[in-house]
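Q: From first to last, the protein sequence lines are chains C and S. For the first sequence, position 165 matches number 165 in this note's numbering, and the numbering has no gaps at all. For the second sequence, position 77 matches number 77 in this note's numbering, and the numbering has no gaps at all.
Keep in mind that the hints are not guaranteed to be accurate.
Stated by the list, open to error - Sample of chain S residues lacking proximity to chain C, with all beta carbon distances greater than 12 Å (derived): (1) Asn16; (2) Glu146; (3) Leu152; (4) Val171; (5) Arg199; (6) Phe206; (7) Leu223; (8) Pro317; (9) Ile445; (10) Ser475; (11) Met481; (12) Leu482; (13) Lys487.
Unchecked claim - Under 7 Å between C-beta atoms, here's a sample of chain S residues computed to sit facing chain C: (14) Gly322; (15) Ile338; (16) Pro345; (17) Gln451; (18) Leu454; (19) Ser457; (20) Ile463.
None of these hints come from the bench; they were simulated from the model. From a predicted model like this one, the values you see are computed outputs, not experimental measurements. Positions of the beta carbon are idealized from the N, C-alpha and C atoms, including for glycine.
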Amino acid sequence: MKKRSLLLSLFLLSLFCVHSVQAQEFPTKPVLLIIPFGPGGASDLTARALVSVAPDHLGQPIVIQLKPGGGGAIASEMVAKAAPDGYTLLMGGPGPNTTLPAIEGRSKGPDDLVAVCRINYAPMFVLVPTHAPYKTFKELIQYAKAHPNQLKFGHAGVWGGPDLCWKQIMHQTGITTKVVPYDGGGEALLGILGGHIDIVVLAPTQTLPHIKAGKLRPLAVSDTRRDPDLPDVPTLKEEGVNIVNLLWKGIMAPKGTPRPIIEKLALAFKKMTEDRSAIAMIKKLGDDFHYLGSEEITKYWREEFETHKELGKIFKK
Amino acid sequence: MDFLTNLGNGFSIALNPWNLIFAALGAVIGTAIGVLPGLGPPATVALLLPLTYKMDPTAAIIMLAGIFYGAMYGGSTTSILLNIPGEAASVVTCLDGYKMARQGRAGPALGISAMGSFIAGTISIFGLSLVAPTLASFALKFGPPEYFSLILLGLMMAVYLSEESIVKGLVMGGLGLLLGTVGIDPVLGATRFTFGLSRLTDGFDFVVVAMGLFGISEVLINLEAPEVRDIFKTALKRLLPTLEDWRRCWASVVRGSLLGFFIGVLPGGGAIISSFVSYAVEKRVSKHPEQFGKGAIEGVAAPESANNAASTSSFIPLLTLGIPGNATIAMIFVALMIHGIRPGPLLIQEHPNLFWGVVASMYIGNLMLLGLNLPLIGFWVRLLRVPYHFLAVVVVTICLIGAYSVKNSAFDVGMMVIFGVLGYFMRKGGFPPAPLILSMILGPILERSLQQSLISSGGEVSIFFEKPISAALLSVAAFLMLTPIFKRLWKRNALTNSP
Numbered sequence: 001m002k003k004r005s006l007l008l009s010l011f012l013l014s015l016f017c018v019h020s021v022q023a024q025e026f027p028t029k030p031v032l033l034i035i036p037f038g039p040g041g042a043s044d045l046t047a048r049a050l051v052s053v054a055p056d057h058l059g060q061p062i063v064i065q066l067k068p069g070g071g072g073a074i075a076s077e078m079v080a081k082a083a084p085d086g087y088t089l090l091m092g093g094p095g096p097n098t099t100l101p102a103i104e105g106r107s108k109g110p111d112d113l114v115a116v117c118r119i120n121y122a123p124m125f126v127l128v129p130t131h132a133p134y135k136t137f138k139e140l141i142q143y144a145k146a147h148p149n150q151l152k153f154g155h156a157g158v159w160g161g162p163d164l165c166w167k168q169i170m171h172q173t174g175i176t177t178k179v180v181p182y183d184g185g186g187e188a189l190l191g192i193l194g195g196h197i198d199i200v201v202l203a204p205t206q207t208l209p210h211i212k213a214g215k216l217r218p219l220a221v222s223d224t225r226r227d228p229d230l231p232d233v234p235t236l237k238e239e240g241v242n243i244v245n246l247l248w249k250g251i252m253a254p255k256g257t258p259r260p261i262i263e264k265l266a267l268a269f270k271k272m273t274e275d276r277s278a279i280a281m282i283k284k285l286g287d288d289f290h291y292l293g294s295e296e297i298t299k300y301w302r303e304e305f306e307t308h309k310e311l312g313k314i315f316k317k
Numbered sequence: 001m002d003f004l005t006n007l008g009n010g011f012s013i014a015l016n017p018w019n020l021i022f023a024a025l026g027a028v029i030g031t032a033i034g035v036l037p038g039l040g041p042p043a044t045v046a047l048l049l050p051l052t053y054k055m056d057p058t059a060a061i062i063m064l065a066g067i068f069y070g071a072m073y074g075g076s077t078t079s080i081l082l083n084i085p086g087e088a089a090s091v092v093t094c095l096d097g098y099k100m101a102r103q104g105r106a107g108p109a110l111g112i113s114a115m116g117s118f119i120a121g122t123i124s125i126f127g128l129s130l131v132a133p134t135l136a137s138f139a140l141k142f143g144p145p146e147y148f149s150l151i152l153l154g155l156m157m158a159v160y161l162s163e164e165s166i167v168k169g170l171v172m173g174g175l176g177l178l179l180g181t182v183g184i185d186p187v188l189g190a191t192r193f194t195f196g197l198s199r200l201t202d203g204f205d206f207v208v209v210a211m212g213l214f215g216i217s218e219v220l221i222n223l224e225a226p227e228v229r230d231i232f233k234t235a236l237k238r239l240l241p242t243l244e245d246w247r248r249c250w251a252s253v254v255r256g257s258l259l260g261f262f263i264g265v266l267p268g269g270g271a272i273i274s275s276f277v278s279y280a281v282e283k284r285v286s287k288h289p290e291q292f293g294k295g296a297i298e299g300v301a302a303p304e305s306a307n308n309a310a311s312t313s314s315f316i317p318l319l320t321l322g323i324p325g326n327a328t329i330a331m332i333f334v335a336l337m338i339h340g341i342r343p344g345p346l347l348i349q350e351h352p353n354l355f356w357g358v359v360a361s362m363y364i365g366n367l368m369l370l371g372l373n374l375p376l377i378g379f380w381v382r383l384l385r386v387p388y389h390f391l392a393v394v395v396v397t398i399c400l401i402g403a404y405s406v407k408n409s410a411f412d413v414g415m416m417v418i419f420g421v422l423g424y425f426m427r428k429g430g431f432p433p434a435p436l437i438l439s440m441i442l443g444p445i446l447e448r449s450l451q452q453s454l455i456s457s458g459g460e461v462s463i464f465f466e467k468p469i470s471a472a473l474l475s476v477a478a479f480l481m482l483t484p485i486f487k488r489l490w491k492r493n494a495l496t497n498s499p
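So that you can see chain C by itself, here it is in the shape it has in the complex (with noise of 0.2 Å):
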């Protein structure tokens, strides 16, 4: 018996020291990183640019591979299964990591993955055409009481990012208008522009250009500061709504995964995130980042998931 404990507790040890050595050495391998979405889009630009100084930071390259399929859930369900060692992370986000799961109860949350970091984020602009009669977030709202379920609102996917934002403003301020489904932000844009919907939420990338060309008025932007570019916009919690929502990307690991090994990781793409010449090409696609450790991001991801959780409960019939 006495033989039998000490065995338990050297195998034990022995456990610890493997663990340790393995965070001393890590890595000693290239790292895999899986993107969810298909070639060309903002995940793989964003992960192209960060990992192109990789071996600096890190020690090793990073490799990417592209994994997309169903809205991100192929990926997520591979890295969450793969083994936790580190070596094989996830490019994720809100649209697989935390609506899908919260919402559908598809692809891998905040149960199965551990968030190293974030990379960066976008916020949403609520958006109306410049001769609209309302001119102000607060007008739209007063005009939208008065004309209950007329204003049309196009959404760029169902359950995506522009969609959760508007149906937690209408569950918050009380008002109804009807949802009209688009296919991606392109199609809503279009949608807008040719006067068959009336408001669109969308990330400032595509919109910007038709902001300046006095096409579409901003209303209200969706994050905790007035955007740099638009500092004229106040943010919906100005306008007395309290919603943050933003779209932002962060690195994976499956759960279980040395807390040693998350930390380096982390240390390692914070200061790729600040090398300049990541910075430079980030900047080239007209996007930045944003770091974030991993204790904040886990915060902010696991009270996202609740409040996604609450308002599919509330808007799935």
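Fit chain S to the known structure of chain C by using the hints.
A: Just chain S, lined up with the frame of chain C:
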């Protein structure tokens, strides 16, 4: 003329030696990936994107645009030679193009598709440089009810793709619509017919279905009955269309170009719809409609002209509105962003050199593609002399790689094989695959535009009749459907009254 000075300025930019080299490079790469169905234009442009970081923006866009319209030239090659449509817009080319090849007329088929593409490309570029802004505002007016009516009309015309029985064509069209519903419901987000497989939530991919139904089933049919290969050895000397061919199809080229130019402006299914609508129009106006599906050269000329004209006019929404109409154009959008140019309504005013340089390079690029493709015809035709049991291996390999490369997924390869076997039995029973695949692609757009229209109108069906464009399209559809019935009634009356 403001337009002429602008275009002249554009040519002076496009004729710069570096820009000429990049236009040629784009044309060559485009032709190559068009011929190999595995790697599509969007993935190619994505791979080449990092190379353009250090390039001059105009040169970069000239090259990437060359890849896009070069692929349209190359895409018809496999349709004609091997019955594998490289992209959705060349499904229709298989119908008569492959039949022509089997009759020993692969040369004229490839020739008319290259020359038709050239003429269509030129007409379309001329249209683009002349009326781009006007046409863009037309595309904006095209809302959900208009899309619904256009696609409904298009699907009715898809029945004309059926060689023999209209009923069998309708059955296949219906099956295609059902296959198109697999995936996520656009309004409620519920998964439909996925049987719990997350791989099916995106629906069926065009490449997977097309390669199975056309490529694999063709191999199966040929393996079953080794055909006499003599037909490929006859008349191979004539590589180009004859004067007689031209007399028959010059009007088809012009009609196809115009249809392609106008329908191609519409983001979404523009290029695909124009290819088979132009085929249906040709079959309808032809004096010998019975030859369609059996190797009629008009059946190659019209859709090939249409899809090339459409690929050019699909640049209009990007360059004038900043809206990418398809996946490749979306990549070119990213390329512009990388160079600090945000495509939008102000692009032509803010970057006139880029706009007119790219437009002028399209004229030059089309000329290069013609020069590149005509000499290749002899080579492609000789490829057909390879004994079929060798060629079959090549076809199967191309299909396997193509299906895998869509999403790097072995599941898709399995799906393609299933569709191959399905296609084999369909063809045994005389069921045409083309209506199935076209309605499978257009079905989701039809469903979405129906939902969009009815949600916007609060459930009122009258929205389809109140909008003038939509009402006109529906009237044409009704006319097409009712004329055969009235014809029959009139004939019956004439018969009973005459004796």
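Q: Against each hint, give a clear statement of whether it holds in the structure.
A: Checked hints:
1. In this structure S/Asn16 is separated from chain C by more than 12 Å, as the shortest Cβ-Cβ distance comes to about 24 Å.
2. With a closest Cβ-Cβ approach of about 10 Å to chain C, S/Glu146 is found to fall inside the 12 Å limit, against its non-interface label.
3. The non-interface label for S/Leu152 is consistent with chain C: the shortest C-beta to C-beta separation is roughly 18 Å, beyond 12 Å.
4. Interface exclusion of S/Val171 from chain C stands, the closest Cβ pair being 28 Å apart, more than 12 Å.
5. At roughly 6 Å, the least C-beta separation between S/Arg199 and chain C is not larger than 12 Å, which violates its mark as non-interface.
6. A cut-off of 12 Å between C-beta atoms confirms that S/Phe206 is not in contact with chain C; the least separation is 14 Å.
7. No Cβ of chain C approaches the Cβ of S/Leu223 within 12 Å, the least distance being about 32 Å, so the stated non-interface status holds.
8. Interface exclusion of S/Pro317 from chain C breaks down, the closest Cβ pair being 8 Å apart, not more than 12 Å.
9. Once the 12 Å rule is applied to beta carbons, S/Ile445 is inconsistent with being away from chain C; the minimum gap is 8 Å.
10. The Cβ of S/Ser475 sits about 22 Å from the closest Cβ of chain C, beyond the 12 Å cut-off, so the non-interface label holds.
11. No beta-carbon of chain C is positioned within 12 Å of the beta-carbon of S/Met481; the least distance is around 28 Å.
12. Look at S/Leu482: its CB is around 30 Å from the nearest CB on chain C, clear of 12 Å, so calling it non-interface holds up.
13. Annotated as non-interface, S/Lys487 keeps its C-beta farther than 12 Å from every C-beta of chain C; the closest such distance is 38 Å.
14. Annotation: S/Gly322 was flagged as interfacial toward chain C, and the flag holds, the nearest CB pair being 5 Å apart, inside 7 Å.
15. With a cut of 7 Å, the hint placing S/Ile338 at the interface with chain C holds, because the nearest CB-to-CB distance is about 5 Å.
16. For S/Pro345, the suggested interface contact is upheld, since its CB lies about 4 Å from the closest CB of chain C, less than 7 Å.
17. Taking 7 Å as the C-beta cut-off, the interface hint given for S/Gln451 holds, the closest approach to chain C being about 6 Å.
18. Because the closest C-beta pair between S/Leu454 and chain C is about 10 Å apart, greater than 7 Å, the hint is violated.
19. The interface hint given for S/Ser457 is violated, since its Cβ lies 9 Å from the closest Cβ of chain C, which is over the 7 Å cut-off.
20. This hint is violated: S/Ile463 has a C-beta 11 Å from the nearest C-beta of chain C, more than the 7 Å allowed.
Of the hints listed earlier, those the structure fails to meet are numbers 2, 5, 8, 9, 18, 19 and 20, in rising order.
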